[in-house]
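Novice: Chain by chain, the residues:
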Amino acid sequence: MLQTFRLAMKSLAGSKLRSFLTMLGIIIGVAAVIVLVSLMSGMTNYITDSFSDLGTDQISVSVTNTGTRSVTPDDMYEILEDNSGLLLELSPTVQTRGMVKRGADSLSTTSMTGVSEGYLDIGALELSTGRFLTYSDIVSEQKVCVIGSYVAQELFDGEDPLGQTIKLNGQPYTVVGTLAEKADSEEGSSDDCIYLPYSSATKLAMNSDITSYTFIANSEQMDLAKSVLESELYAVFLNEDLYTVTTLSEMLEMVETITGMMTALLVGIAAISLLVAGIGIMNIQLVSVTERTREIGIRKSLGAKQSVILRQFIMEAGMQSSIGGILGIILGSVLTTVASSLIGLDAPPSVQAIIVSFLVSAGIGILFGYMPAKRAARLNPIDALRSE
Amino acid sequence: MGVSEVRREAQPLIDLRDIYKIYQMGDMEVRASDGISLKIWKGEFVSIVGKSGSGKSTMMNIIGCLDVPTSGEYILDGEDVSEMEDDELAEIRNKTIGFVFQQYNLLPRQTLLENVELPLIYAGVGRKERQERAMASLEKVGLQDKWKYLPQQLSGGQQQRVSIARALVGNPSLILADEPTGALDSRTSRDVLDFLKQLNEEGNTVVIITHDTSIAMEAKRVVRIRDGKITFDGDVKEYAANV
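So the sequence lines, in the order shown, correspond to chains A and B.
Heads up: the first sequence runs through residues 1 to 388, numbered per our numbering.
Heads up: the second sequence runs through residues 1 to 243, numbered per our numbering.
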């Protein structure tokens with residue numbers, strides 16, 4: 001076995017350029033598998049992480065109020081109270097966009113969300129200074145707001161924002177609290193936000209209908225909570241098309257399914273390149289068998305059995321693809337590290353992908369090396385000796 | 001000197017009984033070996049001579065267990081090899097026969113020592129013993145100092161000596177030389193022939209296949225082949241008188 005190994009090494013070293021070119025297919029294939037799988041799984045982790053930041057115990061309800069059938073925040077709060085063990089928290093959400101102004105400074109990308117006092121928990125928000133919205137702010141439609149770190153930084157630039165007034169779509173609001181940085185305090189990030197009482201927000205949005213609610217449910221009983229909400233809403237609307245109830249974990253599953261499919265697709269493409277590489281190895285081994293017919297003849301005349309010749313050629317092909325696989329792993333790992341740091345994604349080279357792609361590449365060499373090796377083993381020593 | 005001096009045991013080393021080798025070339029039937037019977041005893045020095053196309057290569061292949069006859073029996077060292085499979089023949093070749101080829105047939109990328117070791121590798125001899133025996137064999141042909149060389153670094157005569165060393169290393173019962181001087185000039189041919197003679201004097205059975213009458217006459221016994229049949233088999237002196 002050791003002897004065969006040395007022989008194979010020698011033979012590969014004897015034609016370095018050809019061996020390298022043959023390996024190149026495997027190298028590229030393996031590197032591609034590793035880079036794609038690693039980056040995709042890094043991406044998937046990134047997405048699922050941002051979802052779980054929001055909390056997987058959230059249930060979003062969106063309704064379409066009609067003239068005859070509608071729900072109000074009070075109806076929703078009643079549902080919350082009726083199912084107190086199951087549903088833990090509720091906030092109506094009124095999403096609006098517009099101009100945020102303080103003196104000459106203005107922001108236009110800021111998301112303004114009308115919420116209830118419960119949203120501090122629901123949105124997993126953290127206060128930096130001041131206070132969050134209170135029940136009385138909501139009941140009395142106070143013009144107060146809590147601002148994200150990006151807004152504080154842009155409009156106040158080091159000044160204390162508490163008690164100051166900013167204009168939301170021209171209306172003066174008093175800042176009562178600031179939020180801790182959640183993302184990276186960039187424009188459009190989750191720090192570019194303002195929360196205000198939903199009762200005030202409906203006025204700001206000039207739309208008195210509240211169509212969106214966010215619940216927090218007991219995370220152990222998400223499915224039950226969802227079906228309870230659905231049946232409560234059905235009792236009001238008597239029409240399933242007028243409301244939708246979505247849990248975040250469902251959306252997460254959807255995202256995971258999609259990224260899983262993309263991963264499979266990309267790996268499939270990379271696998272095809274490995275297959276092509278395998279055929280390349282087979283091709284080169286066939287040429288090699290033809291070229292070395294005389295050598296095979298000599299070996300057979302001196303007493304080499306078919307199995308010995310078979311092993312020798314399979315070993316050569318297997319080593320070729322294994323060395324290619326190792327080089328591919330190194331290349332793939334380096335590329336993954338470089339690419340992920342360039343994109344700013346946390347994507348370490350996937351150990352799973354490394355192991356699988358190495359085994360596959362070694363296997364491909366052996367599989368595709370078998371046919372040429374068999375041909376070599378079966379050569380008739382007389383014909384083989386006669387060949388020049 | 002002559003055939004008579006070899007002590008003829010009851011059982012010959014090579015016993016070809018009514019060997020036929022028939023090739024089908026389209027509609028034509030070529031009888032490369034047309035009913036050959038031949039016995040060669042241990043310790044003999046025999047040359048098989050014939051023109052190209054006479055069937056001597058077929059004889060060489062069959063005697064060397066590189067090929068099996070279409071019909072007939074071949075008993076080599078007491079074993080019937082005429083119907084053996086590829087792998088069984090390989091084992092017989094490995095254990096019983098030492099080949100010396102016209103083109104030396106050394107592996108170009110292996111050192112002399114590795115080349116001589118080859119038959120022992122296939123015989124499953126351990127590394128240490130293998131190297132010792134290969135070295136001893138190289139010493140016998142006077143090339144032990146060059147064991148690290150590659151074949152193409154040597155002259156033709158030296159390469160042929162390496163191939164003789166390789167043939168000897170496994171202690172075969174038969175040394176089978178196929179046109180051993182075919183690629184050599186007359187002086188180195190002489191060396192190689194003398195060496196083969198010496199091996200015979202040491203008790204080895206040597207069979208030379210050649211087309212060259214003068215080389216055939218170096219042996220003690222000559223077998224002439226024509227059209228797949230033996231047309232002469234006897235002492236070299238008798239053959240010389242005949243030619």
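What the hints contain is simulated information worked out from the structure, not anything from laboratory work.
Any given hint might turn out to be false.
Stated by the list, open to error - If you want the ones that stay clear, here's a sample from chain B, every Cβ over 12 angstroms from chain A, calculated:
#1 Asp27
#2 Gly35
#3 Lys51
#4 Leu193
#5 Glu201
#6 Val243
To be verified - Computed footprint of chain A on chain B; a stretch qualifies when at least three of its residues, placed anywhere within it, have a C-beta under 8 angstroms from a C-beta of chain A:
#7 71 to 81
#8 115 to 121
#9 150 to 158
#10 227 to 235
What the hints assert, rightly or not - Okay, the calculated beta carbon distance ranges per label pair:
#11 B:Met28 - A:Glu291: 41 to 47 angstroms
#12 B:Gly53 - A:Asn283: 35 to 41 angstroms
#13 A:Val356 - B:Gly53: 43 to 49 angstroms
#14 B:Gln153 - A:Ile343: 55 to 61 angstroms
#15 B:Phe232 - A:Glu291: 37 to 43 angstroms
#16 B:Asn242 - A:Met371: 29 to 35 angstroms
For every residue, glycine included, the Cβ atom is placed at its ideal position computed from N, Cα and C.
Novice: Now, for every hint given, state plainly whether the structure supports it.
Specialist: Results for each hint:
1. Asp27: 23 angstroms, holds
2. Gly35: 21 angstroms, holds
3. Lys51: For B:Lys51, whose nearest Cβ neighbour in chain A is about 18 angstroms away, the distance exceeds 12 angstroms, so it holds.
4. Leu193: Holds, since 22 angstroms exceeds 12 angstroms.
5. Glu201: Holds: least Cβ distance 25 angstroms, greater than 12 angstroms.
6. Val243: 30 angstroms, holds
7. 71 to 81: As far as the region 71 to 81 of chain B goes, the hint is violated, because 0 residues have Cβ atoms under 8 angstroms from chain A.
8. 115 to 121: holds (count 3)
9. 150 to 158: With 0 residues in contact (Cβ-Cβ under 8 angstroms with chain A), the coverage given for the region 150 to 158 of chain B is violated.
10. 227 to 235: Check failed, 0 qualifying residues.
11. B:Met28 - A:Glu291: 41 to 47 angstroms: 33 angstroms, violated
12. B:Gly53 - A:Asn283: 35 to 41 angstroms: 38 angstroms, holds
13. A:Val356 - B:Gly53: 43 to 49 angstroms: 60 angstroms, violated
14. B:Gln153 - A:Ile343: 55 to 61 angstroms: 57 angstroms, holds
15. B:Phe232 - A:Glu291: 37 to 43 angstroms: With Cβ atoms ~42 angstroms apart, the hint holds.
16. B:Asn242 - A:Met371: 29 to 35 angstroms: Since B:Asn242 and A:Met371 have Cβ atoms about 54 angstroms apart, the given range 29 to 35 angstroms is violated.
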